[in-house]
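Visitor: Chain by chain, the residues:
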Amino acid sequence: GQNIDQPTEMTATEGAIVQINCTYQTSGFNGLFWYQQHAGEAPTFLSYNVLDGLEEKGRFSSFLSRSKGYSYLLLKELQMKDSASYLCAVRDGDYKLSFGAGTTVTVRA
Amino acid sequence: IAGITQAPTSQILAAGRRMTLRCTQDMRHNAMYWYRQDLGLGLRLIHYSNTAGTTGKGEVPDGYSVSRANTDDFPLTLASAVPSQTSVYFCASSEDRGATDTQYFGPGTRLTVL
Chain A
1 GQNIDQPTEM TATEGAIVQI NCTYQTSGFN GLFWYQQHAG EAPTFLSYNV
51 LDGLEEKGRF SSFLSRSKGY SYLLLKELQM KDSASYLCAV RDGDYKLSFG
101 AGTTVTVRA
Chain B
1001 IAGITQAPTS QILAAGRRMT LRCTQDMRHN AMYWYRQDLG LGLRLIHYSN
1051 TAGTTGKGEV PDGYSVSRAN TDDFPLTLAS AVPSQTSVYF CASSEDRGAT
1101 DTQYFGPGTR LTVL
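Quick mapping for you: the protein sequence lines, in order, are chains A and B.
Quick note: the first sequence, position 60, residue 60 per my numbering, numbers continuous.
Going from the second sequence to my numbering is simple: count from 1 and add 1000.
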């Protein structure tokens, strides 16, 4: 099986920056995804990394280090609407996608 | 609007009853998936289908069955529901089950088995 770890909860202030870390151990690697999930809603795709380095998409950036089995999602200029769960998911050598339990981010005014 | 629909939105079911959760996508995606989401455990794959006519078992397949008669529909059946199957069920689809493929999720079905 796969082992994907991320913090359970994080709290930050509106306008601040939050970094959500994800570590993983998988048999083979074919990419890492980040999804956002608001309470009571479906997960929605945020980012995909397969090569080492930083991918930037507006206020959100995602970083990957394959040698360390490590990724982070960086949320800048936090807004109240960013309060949600953020799911780290890893695709293994058999192309199966496994999800972490998710990190609930609460943005305070 | 293109996407994935699921029905019902929510359901309360007596233990031992049979239940089918419906999933339909209009994106002509080849691959479809069923997940359950439980607090503290994240999304876990139940069954998947790479293309119409084929299905495969995921991480937690016991007590569930699926069929894929055509590209658009991927129903999930609980033959005899048990309380441990209380969960939120998400259907997802992707163009293909390849490395860069992104999965898109339906709105979910909240199922309670009493």
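Don't read these hints as lab results, they were simulated from the structure.
All C-beta atoms in this analysis are idealised placements derived from N, C-alpha and C, irrespective of residue type, glycine included.
Keep in mind that the hints are not guaranteed to be accurate.
Restraint-style ranges between C-beta atoms, simulated for each label pair [stated by the list, open to error]:
1. B:ASP1038 with A:GLN25: 45 to 51 Å
2. B:ALA1014 with A:GLU56: 29 to 35 Å
3. A:GLU77 with B:GLU1095: 21 to 27 Å
4. B:ILE1012 with A:THR23: 44 to 50 Å
5. A:GLU55 with B:ARG1018: 42 to 48 Å
6. A:ALA16 with B:ALA1014: 45 to 51 Å
7. A:LYS68 with B:ALA1015: 32 to 38 Å
8. A:GLY93 with B:ARG1044: 16 to 22 Å
9. B:ALA1079 with A:VAL50: 20 to 26 Å
10. A:GLY40 with B:ARG1022: 18 to 24 Å
11. A:GLN79 with B:ALA1052: 38 to 44 Å
12. B:GLN1011 with A:GLU56: 37 to 43 Å
13. A:LYS68 with B:ALA1007: 41 to 47 Å
Stretch by stretch, here's where chain B covers chain A in the computed footprint (C-beta under 8 Å, at least three residues) [unchecked claim]:
14. 17-23
15. 49-63
16. 66-78
Visitor: Decide, hint by hint, whether the structure agrees.
Guide: Going through the hints against the structure:
{"no.": "1", "hint": "B:ASP1038 with A:GLN25: 45 to 51 Å", "in the structure": "22 Å, violated"}
{"no.": "2", "hint": "B:ALA1014 with A:GLU56: 29 to 35 Å", "in the structure": "51 Å, violated"}
{"no.": "3", "hint": "A:GLU77 with B:GLU1095: 21 to 27 Å", "in the structure": "32 Å, violated"}
{"no.": "4", "hint": "B:ILE1012 with A:THR23: 44 to 50 Å", "in the structure": "38 Å, violated"}
{"no.": "5", "hint": "A:GLU55 with B:ARG1018: 42 to 48 Å", "in the structure": "45 Å, holds"}
{"no.": "6", "hint": "A:ALA16 with B:ALA1014: 45 to 51 Å", "in the structure": "48 Å, holds"}
{"no.": "7", "hint": "A:LYS68 with B:ALA1015: 32 to 38 Å", "in the structure": "46 Å, violated"}
{"no.": "8", "hint": "A:GLY93 with B:ARG1044: 16 to 22 Å", "in the structure": "19 Å, holds"}
{"no.": "9", "hint": "B:ALA1079 with A:VAL50: 20 to 26 Å", "in the structure": "39 Å, violated"}
{"no.": "10", "hint": "A:GLY40 with B:ARG1022: 18 to 24 Å", "in the structure": "20 Å, holds"}
{"no.": "11", "hint": "A:GLN79 with B:ALA1052: 38 to 44 Å", "in the structure": "41 Å, holds"}
{"no.": "12", "hint": "B:GLN1011 with A:GLU56: 37 to 43 Å", "in the structure": "42 Å, holds"}
{"no.": "13", "hint": "A:LYS68 with B:ALA1007: 41 to 47 Å", "in the structure": "43 Å, holds"}
{"no.": "14", "hint": "17-23", "in the structure": "violated (count 0)"}
{"no.": "15", "hint": "49-63", "in the structure": "violated (count 1)"}
{"no.": "16", "hint": "66-78", "in the structure": "violated (count 0)"}
The structure is inconsistent with the numbered hints 1, 2, 3, 4, 7, 9, 14, 15, 16, although it conforms to all the rest.
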